[in-house]
Amino acid sequence: MPPLVVARGIVKRYGAFTAVDGISFHVEEGECFGILGPNGAGKTTTVRLMAALSPLTAGQLLVDGLDVSRHGRQVRARLGLVPQHDNLDPELTVWQNLRVFSRYYDIPRAVAEERAAELLEFFHLQDRSRQRVETLSAGMRRRLIIARALINAPRLLVLDEPTTGLDPQARHVLWQRLRQLKAQGVTMVLTTHYMEEAEQLCDRLVILNEGRVVVEGSPQALVERYAGREVVEVHLGLDGDGEQVLARLAGVGDLSWERAGDVLFLYVRGEDGLDPALLRGVGERVVFRRPNLEDVFLRLTGRGLTE
Amino acid sequence: MTLALPRPDLSARALCLWQRNWDVLRNTWVEETVWPFVEPLVTLLALGLGLGRIVDLPGDESYLEFVAPGLLAIFPMWAATSEAGWSSYFRLESERIFDAVMATPLSVDDITTGEVLWAATRGLISTCFILVVIAAFGTVASPLALLVPLAAVPACLFFAAISLCNTALARSVRSLNYFFVLYITPQFWLSGAWFPLDGLPEWAQRLSWWVPSAHAAELFRGLVRGGLEWGHLGHLAWLAGAALLFYALALLLMRRRLVH
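Protein sequences, first through last, are from chains P and E. Under the numbering used here, the first residue of the first sequence carries the number 1, and numbering increases by one thereafter. Under the numbering used here, the first residue of the second sequence carries the number 1, and numbering increases by one thereafter.
FYI, nobody ran anything at the bench for these hints, they're computed from the structure. It is possible that part of the hints are untrue.
Said to hold, decoys possible - Among the chain E residues that face chain P by a calculated CB cut under 10 Å, a handful are:
| id | residue |
| --- | --- |
| 1 | 11 |
| 2 | 24 |
| 3 | 60 |
| 4 | 232 |
As the list claims (entries may be wrong) - Between beta-carbon pairs, the in silico distance windows are:
| id | chain 1 | residue 1 | chain 2 | residue 2 | range |
| --- | --- | --- | --- | --- | --- |
| 5 | P | 8 | E | 8 | 28 to 34 Å |
| 6 | P | 13 | E | 234 | 45 to 51 Å |
| 7 | E | 182 | P | 57 | 35 to 41 Å |
Using N, Cα and C, we set each Cβ at its ideal position, and we do this for glycine too.
Bound-form chain E, shown alone (with noise of 0.2 Å):
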């Protein structure tokens, strides 16, 4: 199996795709949406009127002001990655969508960039509803955060692209898991989000620049404080390389489970 990247073989019926997927959701949206929307508002509360009485951050800060940006990078991640994961998993394996539409005149490259942006979307959907709930809450600053759902399209296209690179390589459901467990679960935590990376030790500062939903915290808390610098720029460049990077591998890894 060769890895080389022949040209992609790319046409607008890639959105055909992600229209069916929008179609479905519009038949089981009552289902589909409970958990994305109810997460992250039982969080906000919790955190506001429980934890934050009793965390004393330096400056005039309040907890709930400093987390809820760090909300707009993790949760519209779970949501990105659980839809290029476990249901797109789902449609490649038990519904054969897939299968299906190979038979179209859709390419497998189109099928992939449907999915992609498809789950790209749902992160979309899910930084949207959340920006409403974190200034309904009053914690945002600056007007400067109604460009966060612009800001959040390459985020999102990251961790929808690289979410189906590993459903591309799943053996099984169950083998989907190890990059929920060990890639992502890590960054909910360690992404900058529930406390400042700037505390930490000058090692760990280091690593953070790997991680993305970090320079995805670090984006959109400079967005809904209104305190944008330079090197918010460059949050936005390494969200934006890396989305193009796993968006061609998982062209790659698509083409190879899909065509034999």
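The shape of chain P in the complex, shown without the other chains (with noise of 0.2 Å):
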């Protein structure tokens, strides 16, 4: 099966700007693809190109098939949005929200009807139907974002920071509903700069900065690559001496490391990981923990203000 999005050296520039510079990546069928990059990466930029919203300066990028520059209205007919900020219609009701959209897509009225009803009880919405979307929470608020990008039973489902804003409640019921549609078979893309979200969703993603794609992998296989088997973090005090700690592990082998204000980063590859005896006595708090896909992260885009 052909890939449903393959975007092929995508550019995008405004002015002198440029907001994407020379994107490749392809998403499969069923999978749920990440963008991560930290704010200004090029992210919303990528979305909003792979849903026909914005004309691409250069490159090609085919969804199911179709080329976003010369189809883009069946491109938007064949894909739901959930944008970064809320766009619901704030002078309309939750169900006539979902009508009103059904409407664009020329839904007929008793298909969109059935399906309007289905999401909302998918979301927990179904008692809300008749409220003005002004009343809702900001949870319910996004839940019915989904159900609106999803009226049209589209064959990719992009979502651009879906949880932004979100309480944690929130965001863990929103993540159970984004999985059970995965296992539904919905094909997603979502950016995000929750790390946790990216570790709970994507099955592959690509970690932008700068407008460009710095790595590719799923985030186990980025994770042992980029940040090793365990990560040790020494909490140095404000005048901590680094150097001291490093001549202590002159001798350990397969070991990075990066220093970031008053901490520093320890990547252990090794089979056995560090010996804690090592450390001892060391800087004001030494922490062993397990390598997550917030430490590629930091690695990759680096930990310091780019903004």
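Two independent chains are provided; combine them into the complex using the hints.
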């Protein structure tokens, strides 16, 4: 089966500013593909290009075999977009939001009403259908936006930072729903800067920085490759001496390190991990932990402020 | 930014946006219709019972009879321009309705077209209401007045389109005001609805060729009084041409505003 999305060297410039600088990737049918990166890395721009909302400057982008530059309407007809900023229709009720949207896709009334009822139930909004969207909580609004994006039974669901601004409960409820959708075979593209979200949901991901792909792979493979088996955080205190710590570790093989402010990060690759005795009495505090995607992300995109 | 007009990318889906606005109006029609319904009514009462008693026109026409068809030109102008003005701006910037719609199979040209048709519809609703009111006041002399809603289509489309152009250019909701203060309010007073333009000096009469609502007022006066001439076709053509021109401009300006 050919990939559902194919991006080949896509570029987007705004005047002198290059938001997306030659990105290539593909998304297979049925998978959840993550686009990660710090603010300003080009995640939202990539999503807008994929949804045929914004014209490409260069490169080629195919969605379901259709060139977004030439078949914008058809691409958008097959796609559901969950934008980063809430744009539900505040003058309409929950039900009307779905119904009005279904008309934009030429969905016959009976089909649309059946589908809207199903979606409201799936997202636990069935008791709210007659309320104006202004009365909904942030979590409910997010669920409704996703329901709206599914009204046309899209081939591809694109979510731009779907859980930003939600409290932990609402976020976990949403993750649960998204995993269920994935189990039903919905192909998803997701941007996020929550690493936990990417680990929970994504089969494969790219990390972007300054408009380019820095790395691509599955979350597990990336963690293994870039963060090793164990991460040791040595909290040095404000005037701590990192050189001294590193001198003690001079003999340890398969180790890389990084200094960020008052913390020294040690990435340990060896099978047996690092002998805690080596770090006894060092710094203010030493934390041994499992590596995660956040370590990969910060190693590759930098621990300093990029803005 | 080029201003060349590539082929418009239009589909019948433009009507879905019109229908969205219609659905909203059905939710809120009481709040929405108080102003455009009460204002012309009060105006007619004030003019008929008040000002009308002290104004003496040449001929046997009463002032109320003179003013009534003019109202068909100016109140629908308000209805159409304020809908494509403040209301469209609200949908554009505050509610981000168009952002949501752009992610569906509608094109930006569909959105522009739907908005122009909708604002023109608001103008036509106002036209029909005023026609009923002036008929109830006994100021309609000819059955040709039944053609007013049809004849009002070009004028309503023109006012919708030019106001949407202004909306597409506006940097903030306050900057919409220039258009209303400098363009619409003067037309409200100087369209020939309140006093006959043919008594004005030569230069002012020539200037009135450029005033859209003056063309509309002449056209409706002809229909309501039943004195149609070939010249009225000229007024209709002027309005239709201007509507087309500003619709094309609205397509361009909305593309510039919405496509990044």
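Quick rundown of the hints versus the structure:
1. Look at residue 11/E: its Cβ gets to within about 8 Å of chain P, closer than 10 Å, so that hint holds up.
2. Proximity of residue 24/E to chain P holds as hinted, the smallest CB-CB distance being about 5 Å (cut-off 10 Å).
3. The interface hint given for residue 60/E is violated, since its Cβ lies 50 Å from the closest Cβ of chain P, which is over the 10 Å cut-off.
4. Because the smallest distance between the Cβ of residue 232/E and any Cβ of chain P comes to about 39 Å, over 10 Å, the interface hint for this residue is violated.
5. About 30 Å separates the C-beta atoms of residue 8/P and residue 8/E, a value consistent with the hinted range of 28 to 34 Å.
6. Under the hint 45 to 51 Å, the C-beta atoms of residue 13/P and residue 234/E, about 49 Å apart, fit the expected range.
7. A hinted range of 35 to 41 Å for the beta carbons of residue 182/E and residue 57/P is consistent with their spacing of about 39 Å.
The structure fails hints 3 and 4 (numbered hints given earlier, in ascending order).
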